[in-house]
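Undergrad: Now for the letters of each chain:
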Amino acid sequence: MGSFVIENLTFSYPQQSRRALGGLSMTVEEGEFVAVCGRSGCGKSTLLRHLKTVLTPHGTREGVILYNGRPLEEVDQRTQASEIGYVLQNPDNQIVTDKVWHELAFGLESLGCDKETIRLRVAEMASFFGIQDWFMRDVAELSGGQKQLLNLASVMAMQPGVLILDEPTSQLDPIAASEFLETVKKINRELGTTILISEHRLDEIFPAADRVAVLDQGRLLCYDPPAEVGRILKEAGHDMFCAMPAPLQIYAGVESPLPCPLTVRDGRKWLDKLFEGKEVRTAAASPSPPASAEKPAAVEMTDVWFKYEKNAPDVIRDLNLTVVQGEWMAIVGGNGTGKTTTLNLMSRLSRPYRGKVKLNGRDIAKYTDAELFRNNLGVLPQNPQALFVKKTVELDLMEMFSGVKMTAEEKWEKAHEMARLTEIENLLPMHPYDLSGGEQQRAALAKVLLLEPKILLLDEPTKGIDGYFKRTLAGILRKLQAGGATIVMVSHDIEFCAQYADTCAMFFNGGVVSSGPTRSFFAGNSFYTTAANRMARHLFPGAVTNEEVITLCRSNR
Amino acid sequence: MKDTFSSYHPVVNFVYFVAVILFSMFFLHPVFLGISLVCGTAYSLYLNGRRAARFNLLYMLPLFLIFAVMNPVFNHAGATILVYVNDNPITLESIAYGFAAAAMFVSVMIWFSCYNAVMTSDKFIYLFGRVIPALSLVLSMVLRLVPRLKAQIHVISNAQKCIGRDVSNGNVIQRAKNGLKILSILTTWALENAIETADSMKSRGYGLKGRTSFSNYRFDKRDGLGMAALLVLIAVVLLGAVLGENNMVYFPALYAKPFSALGLIVYAGYAGLCLMPLILNLWEDAKWARLLSKI
Chain A
0 MGSFVIENLT
10 FSYPQQSRRA
20 LGGLSMTVEE
30 GEFVAVCGRS
40 GCGKSTLLRH
50 LKTVLTPHGT
60 REGVILYNGR
70 PLEEVDQRTQ
80 ASEIGYVLQN
90 PDNQIVTDKV
100 WHELAFGLES
110 LGCDKETIRL
120 RVAEMASFFG
130 IQDWFMRDVA
140 ELSGGQKQLL
150 NLASVMAMQP
160 GVLILDEPTS
170 QLDPIAASEF
180 LETVKKINRE
190 LGTTILISEH
200 RLDEIFPAAD
210 RVAVLDQGRL
220 LCYDPPAEVG
230 RILKEAGHDM
240 FCAMPAPLQI
250 YAGVESPLPC
260 PLTVRDGRKW
270 LDKLFEGKEV
280 RTAAASPSPP
290 ASAEKPAAVE
300 MTDVWFKYEK
310 NAPDVIRDLN
320 LTVVQGEWMA
330 IVGGNGTGKT
340 TTLNLMSRLS
350 RPYRGKVKLN
360 GRDIAKYTDA
370 ELFRNNLGVL
380 PQNPQALFVK
390 KTVELDLMEM
400 FSGVKMTAEE
410 KWEKAHEMAR
420 LTEIENLLPM
430 HPYDLSGGEQ
440 QRAALAKVLL
450 LEPKILLLDE
460 PTKGIDGYFK
470 RTLAGILRKL
480 QAGGATIVMV
490 SHDIEFCAQY
500 ADTCAMFFNG
510 GVVSSGPTRS
520 FFAGNSFYTT
530 AANRMARHLF
540 PGAVTNEEVI
550 TLCRSNR
Chain B
0 MKDTFSSYHP
10 VVNFVYFVAV
20 ILFSMFFLHP
30 VFLGISLVCG
40 TAYSLYLNGR
50 RAARFNLLYM
60 LPLFLIFAVM
70 NPVFNHAGAT
80 ILVYVNDNPI
90 TLESIAYGFA
100 AAAMFVSVMI
110 WFSCYNAVMT
120 SDKFIYLFGR
130 VIPALSLVLS
140 MVLRLVPRLK
150 AQIHVISNAQ
160 KCIGRDVSNG
170 NVIQRAKNGL
180 KILSILTTWA
190 LENAIETADS
200 MKSRGYGLKG
210 RTSFSNYRFD
220 KRDGLGMAAL
230 LVLIAVVLLG
240 AVLGENNMVY
250 FPALYAKPFS
260 ALGLIVYAGY
270 AGLCLMPLIL
280 NLWEDAKWAR
290 LLSKI
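So the sequence lines, in the order shown, correspond to chains A and B.
For the first sequence, position 56 matches number 55 in numbering that gives the first Met the number 0, and the numbering has no gaps at all.
For the second sequence, position 50 matches number 49 in numbering that gives the first Met the number 0, and the numbering has no gaps at all.
One should not assume that every hint holds.
[What the hints assert, rightly or not] Quick list of in silico lysine to aspartate or glutamate cross-link-like pairs, EDC-like style, CA-CA up to 20 angstroms: (1) K208/B with E73/A; (2) K201/B with D75/A; (3) K176/B with E412/A; (4) K122/B with E115/A; (5) K176/B with D91/A; (6) K114/A with D222/B; (7) K180/B with E398/A; (8) K201/B with E28/A; (9) K201/B with E73/A; (10) K149/B with E140/A; (11) K220/B with D238/A; (12) K1/B with D132/A; (13) K149/B with E308/A; (14) K149/B with D165/A; (15) K208/B with E398/A; (16) K201/B with E115/A; (17) K201/B with E398/A; (18) K122/B with E398/A; (19) K185/A with E28/A; (20) K389/A with E412/A; (21) K272/A with E299/A; (22) K208/B with D75/A; (23) K180/B with E6/A; (24) K208/B with D113/A; (25) K114/A with D198/B; (26) K114/A with D121/B; (27) K201/B with D165/A; (28) K180/B with D368/A; (29) K390/A with E191/B.
Simulated from the structure, these hints should not be mistaken for laboratory data.
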């Protein structure tokens, strides 16, 4: 019970000449698993929102959408509410009530089900999703992953035939994300629910999808099985290709007659076949950058201990960490290991109860606020929205100069120079909240950079950002680094760290368990490492990024 | 949950507390006041343990004493003058009334602390959701929003602190300005994010006709028995009220009805009412002990 036929769908937002969707046609069969991908702003959300009348945006629209063979507009709201389930991006915003059980019942209450029916369905869903342990809890106590799972469960309680998910994991850490996606796959597999999902994290979705739709500027680039999509994008030389799973990218970089691998497991087999009976040379693709031990330390933490309350357990235990000036360091590790707390200690939002934090050789407690946050330390918060105050991005940038003695022209000049550096010049007249996640991130970064920091602290800078924006961000950070800035970044994004950071430190249980130059760091891990390394480590143990594996494959053929 | 009475249906809990709190407020007979104060304190200790002991000793006891002392200082009515202080008469009646009013006030406070522990937001929403269905959802949404806003204020304030613009940075005027800015950011954030909440509600059929209200509560036989016992005890106390057993006259001179068998019954009824939660708990404990001993 749940199929869509979209014919020639064209849509444009009011007062915009550009078409958000242009002549799009596709069919979604019952029980199919369809992944929708594309760069931010390519029309993914707009397309998905057209599949449920209450969520359809205002604007001019042509074309037909058939649901189970009937035009969608003719399907009444009650049927749509229960049969077409919709999960949105932000786990927090979707939750309406204060208790888990009430949230699960919310949809069924709206449909007017009686108490016995609701009791049964809620119980069923809680069991299916493993929610029974936190069934009676307050929503505020849940983790992000649990919240999103609750959103999914409360939609599934209405027993929909189609489940539409609009970037459901963009705000989750990798472990919660893969758990969530596993549940989505389970729903498709065991209940036969049709799934339409848009995602940045293609590594996990790709192997499970029946078909992948790639959108580009509102047009359907291709709509085929995953392996086929990889081939088409590769041939077209499209920049969406850099978002494909690692095995696919490596496969595309190496000429071979074998079928295309989608998972790390298949990728390993493929490499084995490729090099069967051949001698493999594993010369390092490029030497690691020379150790910069002579340089003075920008941030130095010695024997630091921290806890939030006197009787609470220690969050940071005996931490020793040194970040050298001009270095880009990535802090990786699981949830709750003290990564963000460490950043807070570096920015003095929290103070250690034992041990010392030194910035440029001076105790951080001795700095005044002005000394610390002007021309010294810049912090980009995880949620960039916490920084925006004005109606437009430009005013927001100019606001940073309030209280500074400078002529209006100088201010304007500086703000625009920064906009150029962070590539947001064309966004200056827009409202900060109207920007996409990646654009907001860069606008916030511009604001922080106007204080001319020498040390930049970033908390999860790649969260919810697509591959294209990640590259832009990396480019900007590289430029800053070339200008002498030190960068400390907390991230779950292993691929991003592997590609760009100079050194990596892995956190566990409140301290650093291993750290070192990026390449040797990841090559030394066997599980916590990039997909490319996991796929090729039995042949090329030193290769960490896709490019390195591709180069080594080519040179060995 | 430790407290058995809390596991009864919300209606039973609610009727109980309304009755006990109203009775404590209006019946100023010393025996009534004593029963209410002692039982309320005992139950609050049972519910909240050491926290309740600290609350009672640190706040309730001083409050009681202040009330008891203040009344005779300001209130000079009454026929039996004990002593003159600065030409102001201190009377026996006003001292007695001071103690009575203090006991009344403190016991109502203590009963309210018990109410808070037993009547969780769930129960409250459930009860009032039955009277006004829309209200239960609104209450639930408010309870969801408040912790979210608090958390977000913290996030914004931290972000602003890192660019030197928190309420803890700068002189008084700057601090005030920064505080307003944080509120402004919070408002924008709340409004923006409410759009997605609205989408999520619409998408799950909010606004369709015939919305029902789900709850985890069921009025079972045990609740019926509890309710019946509760009503009987309330009836006994009300009977006492009609016959004038529950109050005494403080001014111009102290007068209470002479001691009688009927009065004893009413006192027992009131004691039973005030002790009901504790009796239920003890009974439950005894039942457990019996069950264990049979194994």
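Undergrad: Confirm or reject each hint.
TA: Now the hints, each set against the structure:
{"no.": "1", "hint": "K208/B with E73/A", "result": "holds, 18 angstroms"}
{"no.": "2", "hint": "K201/B with D75/A", "result": "holds, 14 angstroms"}
{"no.": "3", "hint": "K176/B with E412/A", "result": "violated, 26 angstroms"}
{"no.": "4", "hint": "K122/B with E115/A", "result": "holds, 19 angstroms"}
{"no.": "5", "hint": "K176/B with D91/A", "result": "violated, 29 angstroms"}
{"no.": "6", "hint": "K114/A with D222/B", "result": "holds, 19 angstroms"}
{"no.": "7", "hint": "K180/B with E398/A", "result": "holds, 11 angstroms"}
{"no.": "8", "hint": "K201/B with E28/A", "result": "violated, 26 angstroms"}
{"no.": "9", "hint": "K201/B with E73/A", "result": "holds, 18 angstroms"}
{"no.": "10", "hint": "K149/B with E140/A", "result": "holds, 13 angstroms"}
{"no.": "11", "hint": "K220/B with D238/A", "result": "violated, 68 angstroms"}
{"no.": "12", "hint": "K1/B with D132/A", "result": "holds, 19 angstroms"}
{"no.": "13", "hint": "K149/B with E308/A", "result": "holds, 19 angstroms"}
{"no.": "14", "hint": "K149/B with D165/A", "result": "violated, 27 angstroms"}
{"no.": "15", "hint": "K208/B with E398/A", "result": "violated, 48 angstroms"}
{"no.": "16", "hint": "K201/B with E115/A", "result": "violated, 24 angstroms"}
{"no.": "17", "hint": "K201/B with E398/A", "result": "violated, 37 angstroms"}
{"no.": "18", "hint": "K122/B with E398/A", "result": "violated, 48 angstroms"}
{"no.": "19", "hint": "K185/A with E28/A", "result": "holds, 18 angstroms"}
{"no.": "20", "hint": "K389/A with E412/A", "result": "holds, 19 angstroms"}
{"no.": "21", "hint": "K272/A with E299/A", "result": "violated, 48 angstroms"}
{"no.": "22", "hint": "K208/B with D75/A", "result": "holds, 13 angstroms"}
{"no.": "23", "hint": "K180/B with E6/A", "result": "violated, 48 angstroms"}
{"no.": "24", "hint": "K208/B with D113/A", "result": "holds, 14 angstroms"}
{"no.": "25", "hint": "K114/A with D198/B", "result": "violated, 25 angstroms"}
{"no.": "26", "hint": "K114/A with D121/B", "result": "holds, 16 angstroms"}
{"no.": "27", "hint": "K201/B with D165/A", "result": "holds, 16 angstroms"}
{"no.": "28", "hint": "K180/B with D368/A", "result": "holds, 18 angstroms"}
{"no.": "29", "hint": "K390/A with E191/B", "result": "holds, 13 angstroms"}
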